[in-house]
Structures are given as structure tokens and as C-alpha cells.
Amino acid sequence: MPSDKDWFDRFVIGLPERRLFKFLAARILVPFWAWWTPVKPLPGGPHPSAQPGDNLQCMMNLIMPLKDKSAVGRAKAAGAIAANKDQIYAGLNNVGTVHFARFVIVGDNICMFSVYDGDFTNYIRDFIATIGSVFNAVVELVEGGEDVIPCEHNAEAFIEWVHARDLYQVPDTATGVLRDQEALKGDKAASGDDDLDLLPRRLTLQLHANPNVSLGSGYRAYPGYSAAQIRKQLGIGW
Amino acid sequence: MDDSSVAERLVDAVESLSTDHKRGTRPIHTIGVGVDGYFQPSEAARSYCKAEHFQRPCVRASVRFSNGSGSPVQHDGWSDVRGMATRFHLSDGSATDLIAMTLPEFFVPTVDQFFEFARTAKPKPVRRESPWQKILDMLQLKIPRRNPPPGQKESPDAGAKSFADRHRFAQLAVVQTDTIGAPVSYARAAYHAVHTFIVTAPDGVRRPVRFSWQPVAGVCNTKATATAVDNYLRQELEERLGRWPARFMLMMTIGEAGDALDDPTQPWPAKRVRVVMGTLTLKNVAADQVAAAERISFNPCRLVPGIEVSEDPILRARRNVYEVSCQRRNGIPCPFNGS
Amino acid sequence: MSAEFDAADVQGNILRGYRKLRVRHLMLEIADRIAARRWLAASTSGRDEGIPQITRGSWGDAKPDSCFNIGLTYEGLQALGTPGSSLKTFPNEFIQGMSARALKLGDVGKSAPEKWPSPFDDPRRIHLIATIYADEVAQLDQVQRRALADGNALRLLGTREGCCFPDDQVHFGYRDNITQPRFAEVHDPQRYDDGQPMAPLGTVLLGYSTNFEGLKWRVPQPDALGLNGTFNAFRVLEQDVVGFEEYLDRTATDLLANPQVDELLPRGAEAKIASSRRAALRELVAANLCGRWRDGTPLALSADAPDPGVDRTKFDYADDSRCPYGAHIRRCNPRGGQIVQRVANNSRRLVRRGMPYGPAYDPEKPDRAKIERGLLGNFIGASLGAQFEAMSCDWLNLGLQDPRVTGSNDPIVGANDTETSWFDLPLKSGATIRLRGLPRFVHTRGGAYTFLPSLSAIRFLGAL
Chain A
1 MPSDKDWFDR FVIGLPERRL FKFLAARILV PFWAWWTPVK PLPGGPHPSA QPGDNLQCMM
61 NLIMPLKDKS AVGRAKAAGA IAANKDQIYA GLNNVGTVHF ARFVIVGDNI CMFSVYDGDF
121 TNYIRDFIAT IGSVFNAVVE LVEGGEDVIP CEHNAEAFIE WVHARDLYQV PDTATGVLRD
181 QEALKGDKAA SGDDDLDLLP RRLTLQLHAN PNVSLGSGYR AYPGYSAAQI RKQLGIGW
Chain B
1 MDDSSVAERL VDAVESLSTD HKRGTRPIHT IGVGVDGYFQ PSEAARSYCK AEHFQRPCVR
61 ASVRFSNGSG SPVQHDGWSD VRGMATRFHL SDGSATDLIA MTLPEFFVPT VDQFFEFART
121 AKPKPVRRES PWQKILDMLQ LKIPRRNPPP GQKESPDAGA KSFADRHRFA QLAVVQTDTI
181 GAPVSYARAA YHAVHTFIVT APDGVRRPVR FSWQPVAGVC NTKATATAVD NYLRQELEER
241 LGRWPARFML MMTIGEAGDA LDDPTQPWPA KRVRVVMGTL TLKNVAADQV AAAERISFNP
301 CRLVPGIEVS EDPILRARRN VYEVSCQRRN GIPCPFNGS
Chain C
1 MSAEFDAADV QGNILRGYRK LRVRHLMLEI ADRIAARRWL AASTSGRDEG IPQITRGSWG
61 DAKPDSCFNI GLTYEGLQAL GTPGSSLKTF PNEFIQGMSA RALKLGDVGK SAPEKWPSPF
121 DDPRRIHLIA TIYADEVAQL DQVQRRALAD GNALRLLGTR EGCCFPDDQV HFGYRDNITQ
181 PRFAEVHDPQ RYDDGQPMAP LGTVLLGYST NFEGLKWRVP QPDALGLNGT FNAFRVLEQD
241 VVGFEEYLDR TATDLLANPQ VDELLPRGAE AKIASSRRAA LRELVAANLC GRWRDGTPLA
301 LSADAPDPGV DRTKFDYADD SRCPYGAHIR RCNPRGGQIV QRVANNSRRL VRRGMPYGPA
361 YDPEKPDRAK IERGLLGNFI GASLGAQFEA MSCDWLNLGL QDPRVTGSND PIVGANDTET
421 SWFDLPLKSG ATIRLRGLPR FVHTRGGAYT FLPSLSAIRF LGAL
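So the sequence lines, in the order shown, correspond to chains A, B and C.
Heads up, the first sequence is in the numbering used here, so the first residue is 1 and it goes up one at a time.
Heads up, the second sequence is in the numbering used here, so the first residue is 1 and it goes up one at a time.
Heads up, the third sequence is in the numbering used here, so the first residue is 1 and it goes up one at a time.
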């Protein structure tokens with residue numbers, strides 16, 4: 001027995017798909033809630049953990065905005081990578097803990113994505129020692145990069161700079177982002193007076209504060225093994 | 001209080017989760033379908049678990065798929081947890097069970113908390129959210145509550161949500177239940193055994209593990225916005241198996257010290273070692289559904305040498321709960337192997 | 001080299017060991033900033049009355065009867081009123097402090113900072129750790145009295161006291177204090193060639209070249225504060241001697257029933273090790289876990305039995321070395337052996353100054369009550385992140401340096417759990433016997449990251 005009430009209900013259910021509502025949400029609701037209930041951006045990189053499995057095959061998702069936002073700037077970045085192929089390969093082989101590493105240009109950002117074993121700072125530090133010159137050539141083209149090069153003389157600052165540009169890894173589970181936000185506030189309580197309905201808002205505001213993120217810790221075909229273990233098992237040396 | 005009276009009370013609590021529960025039926029996962037098939041362990045499985053079904057090339061298997069609801073009325077299309085109970089038939093006539101569901105984590109870590117959960121999550125009359133309330137939700141960047149499916153009068157959702165607001169451990173399971181949906185086929189859902197078990201390898205090494213079934217056909221749900229159909233899952237399975245067998249891959253994840261070994265509410269990180277343990281092939285819907293779907297009684301603690309229960313208190317409690325429940329509905333009591 | 005090296009500007013415990021019999025660490029809170037600055041200025045005044053004088057690295061032939069050194073935590077530098085522009089030039093791990101780095105150090109479970117006893121339960125209050133070295137308790141007392149004479153400057157939060165055992169033995173019964181990095185710039189008659197490359201001074205002092213080519217650690221600014229300083233990880237490490245010996249008992253019994261035992265210890269070979277076959281297996285396991293027999297003989301040179309004739313220091317890990325890949329000393333310092341992170345060979349070395357605390361365990365007289373015993377360790381290096389932490393999180397635990405040990409923890413000091421721990425005993429054939437069920441033998445009971453300022457820096461802080 002359709003009635004006016006049903007019509008109104010259907011209209012409201014369809015609201016979020018309407019352009020006016022989307023505009024309102026993006027321009028007014030999100031900024032309002034971000035101001036009223038401020039959210040700190042969660043830190044980038046893998047979640048700190050003492051467990052072995054968590055420290056193997058870690059992800060680095062580095063997004064670095066180029067200074068020169070034109071095809072010329074992008075070409076410069078592409079050129080810097082191409083010119084340093086030997087350095088990069090020799091460095092990766094000798095650092096020994098890297099599964100995959102690649103550079104990507106997306107929308108005037110140069111991105112470096114890699115999967116590595118062990119501690120992040122050790123990984124970057126070993127890299128500075130072996131291919132610091134490549135880092136310098138790339139970071140020179142990046143906004144704010146001049147503060148931390150040459151990286152060999154600014155190792156600590158450089159590592160922090162890289163860490164600050166490593167994407168936050170949204171947990172695999174739906175409620176993980178709540179736990180991360182509690183941890184950031186030092187809230188370790190097992191129970192609280194929560195409102196689970198606020199989960200979508202929490203996630204929205206985190207993505208407002210942290211626009212680029214990695215979704216989940218990523219799929220792995222053979223989790224729990226280091227690059228060297230796989231190389232050894234395959235009989236191709238390590 | 002002894003274990004058996006705890007089990008009686010637990011079954012009462014489970015029965016109370018659906019107000020139209022009919023005596024003589026299962027208190028939850030009431031409507032199901034029995035399927036015949038066989039399980040072939042992988043080559044790797046042999047070196048991780050000495051249990052017979054991981055050592056022999058092939059064992060016969062019986063599977064019961066089910067809707068999670070304890071209602072005697074069939075609602076295949078409702079958003080609900082689904083079950084997949086598997087019995088592996090061993091050479092000496094004994095058997096071992098693996099009970100799994102589409103919800104990867106459970107609501108509570110202890111029996112006492114389960115009683116509280118059951119009290120809080122007692123079905124209450126569903127209230128359809130008014131359009132004005134929905135607008136208010138949207139302004140607060142909340143997702144308005146979905147309208148209940150036609151015919152649904154009561155629901156545990158509101159109670160479960162208020163329980164989760166007070167207990168963080170329950171939040172993951174509650175959120176997942178809320179969005180779980182309905183599979184297009186029983187053969188197109190992933191099922192998780194949730195609890196941690198301890199498997200023993202032929203060399204004596206013991207490992208904490210969790211099992212999951214992954215459908216070879218892939219996971220696929222019906223559209224959440226489509227109008228729910230009440231009765232299709234059994235028919236779909238008959239048609240599907242008439243054409244071609246359906247298969248599931250059995251995955252075993254190995255936990256590490258520091259993981260939630262005794263807590264079924266906590267997921268393990270995706271970065272744990274994952275072993276392919278074998279493939280289950282489903283041949284046909286069982287001819288005798290009274291035996292294969294109604295009278296058959298599974299038990300998550302019906303295990304064989306090579307697999308043991310962990311310290312998980314919920315898993316341990318389930319042993320007697322399933323026994324009591326089986327007696328109440330005159331199921332076929334299946335004696336524990338060697339006990 | 002950027003700075004002219006002057007040992008007189010460096011605190012004395014960094015470059016050489018004092019080899020005193022006793023140590024006392026005083027955990028101190030700065031009570032009043034002005035008085036504390038006066039205290040620091042007085043400790044370097046050269047007038048050896050009142051406040052004890054900081055021992056320098058240039059004591060020459062006349063080693064003082066008692067030695068006195070200090071380290072400051074980040075909170076200590078703050079409490080002294082070090083300018084913010086200066087504070088932010090300190091490395092992150094030091095700013096955060098040891099308790100914030102617990103996951104990297106394996107300080108979890110019973111070792112977690114939340115479980116540490118006073119004064120380490122309130123790490124923000126620990127501002128300064130003063131360390132006294134002497135042979136007699138009376139000397140320790142006397143120096144302590146002088147150090148705390150001005151009650152306005154420093155407030156004593158707690159102390160930890162250690163005492164040497166004969167022959168450089170430590171709990172667990174191993175001989176310790178065998179090798180330390182050697183520096184070309186430092187003449188130390190007690191350190192002779194150990195076959196390892198000389199360590200660049202930047203390994204242990206700020207302002208000098210490090211083992212990484214072209215790479216230097218940031219010197220906290222101004223130079224007067226940072227140069228010739230270094231960092232220290234002070235650790236209170238409880239050792240479960242009873243648990244360790246029981247594990248050896250259990251393992252020896254299991255091994256006796258192992259079909260491969262005759263390959264591990266050929267019939268008759270036990271005579272070279274101990275009086276019985278079981279006792280020999282105990283010692284063999286103990287030696288493999290550590291990489292040295294208890295008398296200090298390295299397995300790399302003598303894998304079948306201890307040999308007082310071999311050089312305890314001069315060895316390397318060749319491909320056919322019979323020192324297990326997972327042995328404690330090999331995990332801490334893989335020397336020139338093959339490791340996954342080839343660039344890191346020799347880069348994570350530390351200066352270690354440790355002394356046992358608590359009574360030695362006597363198997364004839366088992367403990368009646370629970371007695372805490374362990375090691376008071378100073379682990380010194382110019383970069384906590386690149387040396388102490390890097391060694392802890394990738395090598396001691398996790399075992400990333402060698403695919404044959406990855407996923408296992410150090411058998412002696414690692415964050416082991418009986419359910420998952422393992423250790424491979426190598427056999428001559430190249431096969432291994434895998435030991436399991438190693439409990440955690442060493443628990444952290446406190447600690448702090450401190451900055452060990454140069455003498456100039458102490459004067460700088462005193463004049464703030």
C-alpha cells in the first residue's frame with residue numbers, strides 16, 4: 001500500500017547518490033566534522049610489531065610530489081631513474097632484503113613502491129649507504145627534498161622524511177581503523193562507550209586527514225618468508 | 001556449576017536468539033542442505049598434520065550447508081551468516097568434523113561474555129528508521145539503517161550493536177555480520193573455522209592453526225539492494241552439482257606466538273604463513289536429506305589424533321553444547337572417537 | 001676526518017674498559033635546573049673535591065681508583081633547559097626513549113616496559129644516569145655521597161649495582177668481555193688483533209666517519225654539545241640461570257635418544273668435554289647456543305671441544321665454519337661471514353660494558369626464594385638506530401641475516417616463546433638437529449637510552 005511516507009523514504013535512501021547531496025557532504029559536512037571532531041592522520045608504514053611474520057614482506061608506498069608539475073618535470077624524474085639503473089640494481093642486490101621495488105609516476109607524484117623484509121629504518125639506511133646518490137637524484141626533484149639531501153649527511157632526517165611520506169596502511173579488518181585511532185591516542189582499553197555507527201565517519205575523516213593511503217596490508221602469495229629464504233629454497237643463491 | 005549445566009544454559013541462550021525457534025530443530029543454523037563429496041589433501045598437508053584425512057590420498061566427506069538463523073522459516077535471501085559443516089569419513093568408520101561459517105570472527109571470547117551477549121542481543125521488534133532519522137544520520141556522516149527485509153518482525157541487530165558499543169572485542173564480528181549479505185550459492189562463499197586448533201606434524205611439531213574454505217568458483221553475494229528471495233540456495237546447489245562438481249580449497253594459516261591463539265574474536269594478520277591443505281569436491285546433494293541435513297550431528301571438537309582443540313574457551317564449550325543440542329532435537333548422537 | 005680526535009674530551013668508559021670489580025648506576029632526577037647545571041660544571045672543574053670528577057679517556061698510566069661517568073636522557077637534556085633548536089637535532093630513537101622502542105628491542109610480555117620495576121616504571125623522571133666504577137663498596141659509597149651532596153641538584157630515584165665474577169665469567173657460566181671493537185686512534189694494550197677490521201671512530205663517537213662509506217650520523221647541535229659524544233643503551237637484563245641449566249638438562253636427555261646423536265658427538269668424544277656423555281652433550285649444546293664454549297673458546301675455531309690453546313678472538317665465519325648460524329655471538333656480530341644485508345657487515349658493532357648483578361648461581365645450593373640476577377649492560381654506539389636497534393630487531397630477533405635462521409630468535413637473549421622457538425644444531429654432514437621449546441632466558445627489567453656527552457658538552461650544559 002504505497003503512501004507518501006514510502007515515497008519520501010525512497011527519496012531519502014537515494015539522497016547520497018544525488019549530486020547536490022554529494023556536493024554538500026564534500027564541501028560542508030566533511031569539513032565541518034573534521035573541524036568539530038578533529039582526527040590526527042595515522043602514521044605511515046607497517047604497524048610496529050615484534051612478531052616475525054609481521055616483519056617480513058613489509059610494504060613501502062612512497063608518494064612524493066614533484067616540484068615541476070609538467071611533462072618536462074615528469075620526464076626529468078623518469079630520466080633520473082633510467083640513468084641510475086645500475087646503481088639501483090646493485091643496491092637492491094646488496095641490501096638483500098627486498099622482494100620487489102618499482103617506481104611509478106602518478107599525477108605529478110613520483111612513487112616508490114617496494115616490499116622488503118625487516119625494519120624500515122634499517123632498510124632505508126642500508127639504501128642510503130649503497131645508493132644514496134640515486135636517492136639524491138630523485139629527491140632533488142621532489143617538493144621539500146632539498147632539506148634532506150645529500151642523504152648521506154642527513155641519514156636520520158632523510159629516514160624520517162621518507163617515513164613521513166610512506167602511506168598509512170589501513171588495516172585489513174573493518175574495525176582496524178578504530179583500533180589504530182585509539183592506539184594513537186594511547187587508549188588501550190578493552191571496552192569503551194563507543195558508537196559503532198560512527199565507523200563510516202571515522203574512516204571518512206581519517207581519509208580527509210590522510211588522503212593517500214594503502215588499503216590493507218596487501219595480498220601475499222607466500223607470506224612469512226624472507227627474500228633470502230625464497231632465493232635459497234629455489235636454489236638461486238642469496 | 002558443572003560443564004553439562006553450563007552447556008544446557010548455553011543452548012538455552014542460543015535458542016533464545018530466535019523467538020520462533022521450534023523445539024526439535026537446531027537452535028541456530030536450522031535450515032540446511034546435506035551434500036556428498038570427497039576430500040583430497042595436498043602434498044604439503046602431509047608434512048603439517050598427521051591426521052588421517054591429511055595423509056590418505058582421498059577420504060569421503062559429508063557437508064551440511066545452512067542459513068545461520070534459528071528460525072524454522074526459510075529466508076535464503078536475508079543478510080545472514082551461513083554455515084558449512086564438513087565431516088571427513090575415516091577408514092575405521094570413525095569421523096572428524098570441521099565446522100565453519102561465513103563470519104571470520106566470533107562475537108565473544110569467553111562463555112560468560114556469551115551469556116551477556118545472548119541477553120543483550122535477544123531479538124527485538126525491528127524498527128524501521130524514519131526518513132527524518134535517516135537524514136539526521138547522513139548529516140552526521142553515518143550510514144542510515146537499512147530498511148528490514150519484508151516479513152522481518154524481529155532482529156537481534158540493535159542488541160548486538162549496543163553490546164559492541166560496550167565491548168570492543170565484539171565490534172569486528174558485529175560490523176561483519178551487519179554487512180555479510182546473502183551468497184548467490186552455498187558454493188560461492190568462503191567459510192572460516194574461526195577457532196584456533198593445534199595440529200601435530202608427523203615429526204611431532206605442534207602448530208597453532210586456523211582453517212578456511214575458499215570456494216574455487218569464487219565468492220559472490222546477491223545484490224544488497226535487490227528484493228530478497230526466500231528459497232533458492234538448495235535448488236541452486238542441485239542444479240550446479242548436476243552440471244559439474246563444486247570445489248573448495250582448504251587453507252590453513254599458521255599462528256605465531258603473540259597472535260590471538262585463544263580468542264576467536266581477534267583476526268590474525270594476513271601475513272601469517274598459509275598452507276594449502278587440500279581440495280574438497282562436492283558431487284551431489286544427498287538423496288536422504290533427513291539423514292544428511294536434519295539428523296546428522298556435527299561437533300567442532302570431534303577430532304582425530306593430529307588435531308586438538310586450543311585453549312579457546314568458546315571452542316572448548318562448544319563440545320558439550322553441540323551434544324546437548326543434539327539430544328534435545330533427537331539427532332544422531334555420534335560418539336566421540338575413542339571416548 | 002672532521003674533528004681532531006682528543007681522548008681527553010671523551011668520557012673514559014667509551015673507548016676503554018676500566019676493569020674495576022664493581023659498578024653502581026645511579027638513576028637521578030634533576031631537582032633544580034640551575035643547581036644541576038652547577039653540578040655539571042663542577043664535575044669537569046678539575047678540582048677533585050666535592051662533586052666527583054668525570055673520568056676522561058686519557059687517564060694514561062695512572063688509572064684512578066674510582067671512575068665516574070654520566071649519561072643524560074632526552075628528558076634530562078630538557079630538564080637542564082637545553083634549547084629546543086638543539087633538542088630537535090637529536091635522533092628520533094633517543095627522543096622517544098627506550099620504553100617507546102620496546103617492540104624493536106623485543107621488550108614484550110614479561111619484558112615490557114609496563115612491567116619494569118621502579119625507577120624504570122616512570123622513565124620520564126630518569127634524567128641522568130651516573131655510573132661509578134671502583135673495586136670496593138666503600139669507594140662506591142663515598143663517590144655516591146659526594147655526587148649527591150647537593151640535594152638541590154639531583155634526586156636519587158634508584159640504584160643498580162653489579163660486581164665482577166672471577167675470570168670474566170657472567171651468569172650462564174660463559175666467559176665474557178673477550179672482544180670489543182678496536183679503534184686506530186685509541187691505544188689499548190688489552191685489545192689485540194682480533195682479525196676484524198679496525199672500527200672507524202664514528203662507530204662509537206659522533207663527528208667521525210662511520211663504517212658506511214661517506215655516511216655520517218648527525219651531530220647534535222651545537223658542535224660543542226654533540227661532538228665527541230655518543231649514545232648508550234643502558235639495560236638491566238635479568239638472566240634465568242635455573243631455567244637455562246634446566247633447558248640444557250632436558251635437551252641433553254632428549255639428544256641421548258636422538259638417532260643422530262653419534263654424529264653430533266661421536267662415541268668417545270665426550271671425554272674431551274666432560275666426565276659423562278650426558279654432561280658433554282649439555283656443554284655441547286651450551287657452546288652451540290652461544291658460539292663459544294663456556295671458557296670462551298670460539299666454535300669457529302674448535303667445534304669439538306674447548307681448547308685453551310686457541311686464540312679466543314681471531315676468527316671469522318667462513319662457509320665451512322662450524323659455528324651455528326644462529327649462535328648468539330654470530331647473530332650479534334656476523335663478522336666477515338656471509339649475511340643477507342651485505343652492506344651491513346661490520347656496521348652494527350657496539351662497545352659493550354657489562355657487569356653481572358645478583359649472586360652467582362650455585363647448582364649445589366639451589367635458590368630457596370626467587371633471586372634476581374642478570375647483567376647491567378651498557379651498549380654504546382654513535383647511532384642507537386643503526387647499531388643497537390638494528391642488531392636487536394633484525395639480527396637477534398627475526399634473524400634476517402641468514403635464511404637458515406630467519407623466523408627464529410637468538411637462543412640466549414632472544415624474545416623466545418617455547419611454543420615457536422627453535423635452534424638448529426649443525427652436524428658435520430651439513431644436516432642439522434632442530435632444538436625446540438627454548439624459553440626466554442633473558443628478560444629486560446629496566447633501561448634507558450642516554451647521551452654520553454663529551455667533556456666540552458658537559459661544560460656547555462653546565463654553562464646554559
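Keep in mind that the hints were calculated from the coordinates and are not lab data.
Be careful, since some hints might not be right.
Said to hold, decoys possible - Mimicking DSS-like on lysine-lysine, the simulated pairs with C-alpha atoms at most 27 Å apart in a straight line are:
(1) 5(A) / 283(B)
(2) 115(C) / 85(A)
(3) 142(B) / 5(A)
(4) 122(B) / 22(A)
(5) 5(A) / 153(B)
(6) 223(B) / 153(B)
(7) 185(A) / 216(C)
(8) 188(A) / 63(C)
(9) 153(B) / 122(B)
(10) 188(A) / 428(C)
(11) 185(A) / 428(C)
(12) 88(C) / 40(A)
(13) 223(B) / 124(B)
(14) 365(C) / 22(A)
(15) 188(A) / 142(B)
(16) 5(A) / 124(B)
(17) 223(B) / 22(A)
(18) 428(C) / 232(A)
(19) 185(A) / 142(B)
(20) 142(B) / 40(A)
On a predicted model such as this, the values are computed, not experimentally measured, just so you know.
Checked hints:
1. Distance check on the hinted pair: residue 5(A) and residue 283(B) sit about 50 Å apart at the alpha-carbon level, beyond 27 Å; violated.
2. Our distance criterion of 27 Å between C-alpha atoms is broken by residue 115(C) and residue 85(A), whose separation comes to about 49 Å.
3. Of the supplied pair hints, the one linking residue 142(B) and residue 5(A) holds, its CA atoms being roughly 22 Å apart against a limit of 27 Å.
4. A distance of roughly 37 Å separates the Cα atoms of residue 122(B) and residue 22(A); the hinted pair therefore is violated under the 27 Å criterion.
5. For the suggested pair residue 5(A) and residue 153(B), the alpha carbons sit about 19 Å apart, so the restraint of at most 27 Å is met.
6. As the CA atoms of residue 223(B) and residue 153(B) are separated by approximately 22 Å, the hinted pair is consistent with the 27 Å bound.
7. Pair hint residue 185(A) plus residue 216(C) does not hold up; C-alpha atoms about 35 Å apart against a cutoff of 27 Å.
8. The suggested pairing of residue 188(A) with residue 63(C) is violated, with an alpha-carbon distance near 51 Å, which exceeds 27 Å.
9. Of the pairs offered as hints, the one joining residue 153(B) and residue 122(B) holds, with about 13 Å between alpha carbons and a cut-off of 27 Å not exceeded.
10. Proximity of residue 188(A) to residue 428(C) is assessed by CA-CA distance (about 50 Å); at most 27 Å being required, the pair is judged violated.
11. Simply put, residue 185(A) and residue 428(C) have alpha-carbon atoms about 54 Å apart, too far for the 27 Å limit, and the pair is violated.
12. Our distance criterion of 27 Å between C-alpha atoms is met by residue 88(C) and residue 40(A), whose separation comes to about 22 Å.
13. For the suggested pair residue 223(B) and residue 124(B), the alpha carbons sit about 26 Å apart, so the restraint of at most 27 Å is met.
14. Pair hint residue 365(C) plus residue 22(A) does not hold up; C-alpha atoms about 78 Å apart against a cutoff of 27 Å.
15. With a CA separation close to 25 Å, the supplied pair residue 188(A) and residue 142(B) stays within the 27 Å bound.
16. Our distance criterion of 27 Å between C-alpha atoms is met by residue 5(A) and residue 124(B), whose separation comes to about 24 Å.
17. Note on residue 223(B) and residue 22(A): the hinted pairing holds, with a Cα-Cα distance of about 23 Å set against a maximum of 27 Å.
18. At roughly 20 Å between alpha-carbon atoms, residue 428(C) and residue 232(A) fall within 27 Å of each other, so this suggested pair holds.
19. Distance hint between residue 185(A) and residue 142(B) is fulfilled; the C-alpha atoms sit about 22 Å from each other, no more than 27 Å.
20. The suggested pairing of residue 142(B) with residue 40(A) holds, with an alpha-carbon distance near 20 Å, which does not exceed 27 Å.
In terms of the numbered hints stated before, the structure departs from hints 1, 2, 4, 7, 8, 10, 11, 14, listed from lowest to highest.
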